[in-house]
Amino acid sequence: MAKLESRKYHIYLLFGFFFIVYICRLFYVQIIEKDFFVDRAKTDSVDKVVEFPVRGNIYDRNGKVLVQNEIAYDVMLTMRDFKVDTLKFCALLKIDTSEFRLRLKNIKNKSINKGYSSRIPQVFESLMKSENFGRIKERLFNYKGVSVKKRTVRSYPRPIAAHVLGHVSKVGPRDLNRDQFYIPQDYRGSSGLELFYEKELRGTKGWHHYLKNRHGKYISKYLSGALDTTPRPGNNLKSTLDADLQEYGELLMTGKIGSVVAIEPSTGEILAMINAPTYDPNLLVGGEYGANYQRLAKDKKKILFPRAIQSRQPPGSIVKTMQSLISLNIGVANEYTSFGCNKKLVGCHDHRNPLTLPEAVQHSCNPYYYNLVKKIFFKGRNGNMAQLRRGIDDWEKYVRSFGLGDPLGVDLYGEKDGNVPDVKEYDQIYGKNRWNYRTIYSISIGQGEFSLTPIQMANLGVILANKGHYYTPHLIREIGDEKLVFADSNFYHKTLIDSSHFEIVHNGMQWVLERPGGTAGKSRLEGVTICGKTGTSQNPHGDDHSVFMAFAPRHNPKIALAVFVENAGGGGGTAAPIASLMIEKYLKRKVERLKLEQSMVEKVFY
Amino acid sequence: MKTRGNILLNVDWVLIGVYLALCLIGVLNIYAADFNPLSSDFFNLENRSGKQALWIGASLVIGITIMSFDSKFFKSVSPIIFVVVCLSQVVVILFAEEVNGARAWLKIGPFKLQPAEFSKFATALFLSSYLGTFLNEKNTDEATIEEIGKGMRRFFKGKKVFSLSDIDILKQVVPIVIVFIPVILIMLQNDTGTALVFGAFFFVFYREGVIGRVFIIGLLAIVLAIITLMFDKHVAFTALGVLAILVYSSFIKSTSMALFSIGIMIFLLVCKAIFGWSTSLNTYMLWGWISINTVILIIVPDLWKRIERGVIIGGLILALGYVGIIGKAYGVLQPHQKERIEILLGKKHDKTVSFQTDQSLNAIGSGGISGKGFLQGTHTKGKWVPEQSTDYIFCTVGEEWGFIGTTTVLILFLILIFRLIQKAERQRSKMSRVYGYCVASVLFIHLLINIGMTIQIMPVIGIPLPFFSYGGSSLFGFTALLFMFVKFDSQRLDIL
Ligand SMILES: [Zn+2]
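Chains as they are written, first to last, in our numbering: chain A, 1 to 606; chain B, 1001 to 1496.
Only chain B is shown next, with the shape it has when bound in the complex:
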């Protein structure tokens, strides 16, 4: 209890400093993106910069308010906050007006709030308080790739892989349910982007051992899904490639070979992401990957002998089935979603969508090393990039501040996120650690999708850049998310 009076000393000023820096850079770029020569007053509340400045002020009030409560209080009210936020979303779904195809806004007097922005905070808080209470260190699922291999082998031999009694409902099912409730609510608001962000909690689950093999199989499934959508003409090859992974996982004693194969594939994907997508190259990439696998199969001694036929056939059937399901699921998607996916995969060049992303890339690319200068961005001034003060705010940074600006922003985020993980690992309470991971992961996913979208390595998914994008709801949500951890961190010594 000694430390309580010293809260300012225990506050992590690095987190707060980076937070303030990001908010400040953000509002400057909003001013530029929304610049109106007829009313160029920065703090004019008619302008977005003025409003954002006001919201930054309000956020600080929110932050200070959070800091002034005891963290135990939050732990106890976390279920209430979670329920209130969920209910407010139900209200939104039932009563809100539709804006741009989404029912997401709650009107309170002159203010419009987006409850979904707060549900990340509420879910993180409730999930960490739940896991902090029920997470049993002994029963964690520490499955590795080798264990998956063993499981696969048992499965193909017709033996029991696991029994229901292996599943710890409290530990493995409830947390996932906690995450899926807001996801479903947000999906009902037609806000797929925000729902996707909840994928961030899987990093948390991985770290806490909630999911092990699920996570790895899920990762493989995602990779396979992308490959399937990308190369529908080469479904068989894809299945073969997956089989190769399964084979390595099952029979190679060390995981290094399997990792090597997956690594090569990721490397190829990354190269494509950096240098842009093009269909013909994708084909070469796949062929290259398959030949590498074949070479490995041949050069590793006795590998053939150790592969059982059941594994090959079973793996093939499983992979083909999965690929078929992906294809079917893809067919169910709405046309505009399909279009976005196809554009991302480089299969299609739609004019309206690619116009938007092309303009975004034009703005960033034309910034060069040092940018065109504050308020000098021609694309920014011409409002060429739609939604530039909200989802595409990173374009303004890219155009007016150049590579120096974009890397500065990325490094600030990197510092913030790594600092969060580092601090999370130093927490004594399990709840604080889980919460720290939640914050880091949510910020990371936002960053990944938002910036990835502006530089054309992610599909067009409209979610804000934390602390940067214009909008009160998202700023309040992220501020609450971050400051709650700062609060936990400042009290870490109190909890034994």
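So here's chain A without its partners, still in its complex pose:
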């Protein structure tokens, strides 16, 4: 009896023991491991929903829209409710059934689509343009489980300046790793100004925190919205481009490969930057982005290549202006210095003989510059190799002060440097001291190892127009409400040429268009004094490239520009008339030489 009664203690012990175990377990779960469970509970039940900011617009210098945003539609499927006739649905969205199946598979694959739930709409077709969407809207909403989400995409009211403006594309894994800002649904600038000013344009995302239930439905704001933020739109950019001039330049460059860069000399603002051939920037927007991009990228004419800042070409005779200035500045020549046109030294065309310095610019006499540059290098000590090397070093300093041999620093990524040949390079090519002036004379007429990008050519025009200085060329003048200041020392560059020497060269450049025998006589513009210089960039692979560098008007210049047309022959034939028409368009806002315009537009060089 007593023994049995003592069993009550066993039961007390056993029950009590389990209570202690349970309290220990609760202590472990609720106190020791609390953070782990809070975290896990939050990942499950709190959804962060993004509200995308509106990307900043880009305007031209006169306030005309270059890039804006347009509503596009994401077609969403709620898989639990989605039941359709596959063939009809595919026909409606213009996709084939295998693509349809692939997309559904990807939507349901949780390793790709992390937040997948059959009750939450999933993106099926991304960024459908509103005109396409409007066409199928009615029929689309007849299907169960189909819904639509509005987003914005880039839109270009005028299909111009594609390379300069650039495009946006979906972020990739690298972007996600590099910048915490991005989430997988983001789009980011991936070329042109869109890329360079990405941080200004993109704005700040808004976040909403929702408490969701087991089925993924939102039941309320998390913490009554205390953590929520509203999106801040990106900054609008005001560009330096003149949309009309840009558009006109692209018209003139139809059927041609090359580029035109026009800069306002007094500020360094780029008025036009034409890369030809170009494309409609609207092609790289929305659902058709991938296919169009592939097509453009594969084109043999290298349509996506931003030639204006990346194409390195021999500048040809346009550097004769610079050679003249250097010779004047170091005092090896003056306005009246003359050399005979000795065609044995280097080829030339027939012209009056001998020529003074401005006349040599006017006629672009090659032997003249053979002699002039020889004089620059040797400084009267002919045949002395040491003097030649020193002379080239000196010359190189001058040339580099023109912003050549290095990228100018335009506000685009990928600008190339061009090449200014130097002693080292010649040593490398020919062997140390195994070369002489005769080996390297092509430097004097802008051929051989000498190369410039089109924007550097245009900038040479700026330096001539400004009589010795330039501002870093740029494409954006205002970000949001803030005007960018380019007048400070970081952007102001002075060449080593004294401004007093420029008038002499300007005379020659004016005569290029205005005097008989000038190489661009046909490109005169009534009422405007244009100073220009033709060039022929030698092309070992085919027809020579046509180059023209100019500024206008001669007094108080408003525009400096360079035109580079590949395989178009001499500079006077194609590049000069195009430059002249550009100047007319910019200064008079209206082109009256319609015949010349038409003949230029119709020229095709590929």
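These are computed hints drawn from the structure, not numbers from a lab. Only a predicted model underlies this, so the values are computations on that prediction, with no experimental measurement involved. Backbone N, C-alpha and C define an ideal beta-carbon position, used for all residues, glycine too. There are no misleading hints in this set.
Straight-line C-alpha distance at most 20 Å; calculated EDC-like pairs for lysine to aspartate or glutamate:
id: 1; chain 1: B; residue 1: 1383; chain 2: A; residue 2: 39
id: 2; chain 1: B; residue 1: 1430; chain 2: A; residue 2: 5
id: 3; chain 1: B; residue 1: 1072; chain 2: B; residue 2: 1494
id: 4; chain 1: A; residue 1: 88; chain 2: A; residue 2: 138
id: 5; chain 1: A; residue 1: 34; chain 2: B; residue 2: 1358
id: 6; chain 1: A; residue 1: 217; chain 2: B; residue 2: 1034
id: 7; chain 1: A; residue 1: 8; chain 2: B; residue 2: 1425
What follows is a list of derived Cβ distance ranges for each label pair:
id: 8; chain 1: A; residue 1: 47; chain 2: B; residue 2: 1373; range: 20 to 30 Å
id: 9; chain 1: B; residue 1: 1064; chain 2: A; residue 2: 9; range: 32 to 42 Å
id: 10; chain 1: A; residue 1: 152; chain 2: B; residue 2: 1021; range: 52 to 62 Å
Start from chain A and add chain B with the ligand according to the hints.
Below, chain B with the ligand without anything else, positioned relative to chain A:
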């Protein structure tokens, strides 16, 4: 008879107070678990809180009704109640519609009743009235571990362990039959969880000496079964471990060594239960246990000499056979039951089931020390835990009231259960004592399984938390169960 008029004085107000407190906390948590911002009226009968409040009221009526009868009346009608409840379950099995795989609901007009919830009460009442009548103090089986050891030794020596005449049919067989009738009926309703609760009556049998060695061997068998299912790769080790226990039981004069070995194993199991299950650790645990046994075998002087070969071989064969049977029995289980067991043992992580239990643990764990506050539980609001107002009601307590809330509830239950045992021991009538133990044990098992399930130390077995979970049937059943004891207790002085 003097005391009859004074019934209110003799009522144990601690039991009733704790009961009311639990019901109140329960309905508050049901309100939170079922909270609907569009219809947030607590007493709205469209809401579960409103219905539960109504049922609490009805329960009080049931309680008062029970209190107003004489306890002798219940003793006499207990067989009738038992038969009626059993028959109603037969009706349910034959005619009820299937809901969630179980045929358990009886429709009476607009009400739905679950007879199984009442069969705990009916069985407890009938069993205690039976034992109160037939339990013979002299013939109780007071077998201890040493006696089992002796029995084992006789068995292995080929001697007779016990004869059939040793078995007192009235005392040892009938009570077990009484318990097994409702168990079978409930199993037929596909309600394994509720059937399991009837295991509670084994505590009663143990206390009353109905089973002694059966209980201890059964306990060992359960432990061995768990180990087998947990470590099927280590069956041989398990058998060896069991053998070690048998060896201690047989040859060590004091039980302390045997208890020590079993104790270590339980300690390891408990550690695992508290800190979560993981298969690799389980293996270390088993190895640790076996090495400890080996060390004991070596360091205890003369132990080897005293072990007989027959015992070792016989024990090994028995244990291996048992392990084999467990394996086979396990193979017969339905897939979802297997899955639940495997998840519990940490062998498998099923997505749907572990989702449910993980969410339950997320809710409780994220509550922290003081909880997120009433109606502020994000997991509760989001209905992340299924069945949160019924089987998983404890999650709401954990999330919104934190560790303070969960321990408060546990302590209230502890007070209730210990008070029941204490009161049961003070009964003069055997029937009241047995009944008290029945109530305490049933409540304990419910608590153990239900809360254990929400904190992932028990398998997912859908049974309610007494007085807490939403549902009229279970509340009525538990109320009747408890108040009947309060009634017996209030009349304990009447019975000599
Ligand atoms: Zn000549």
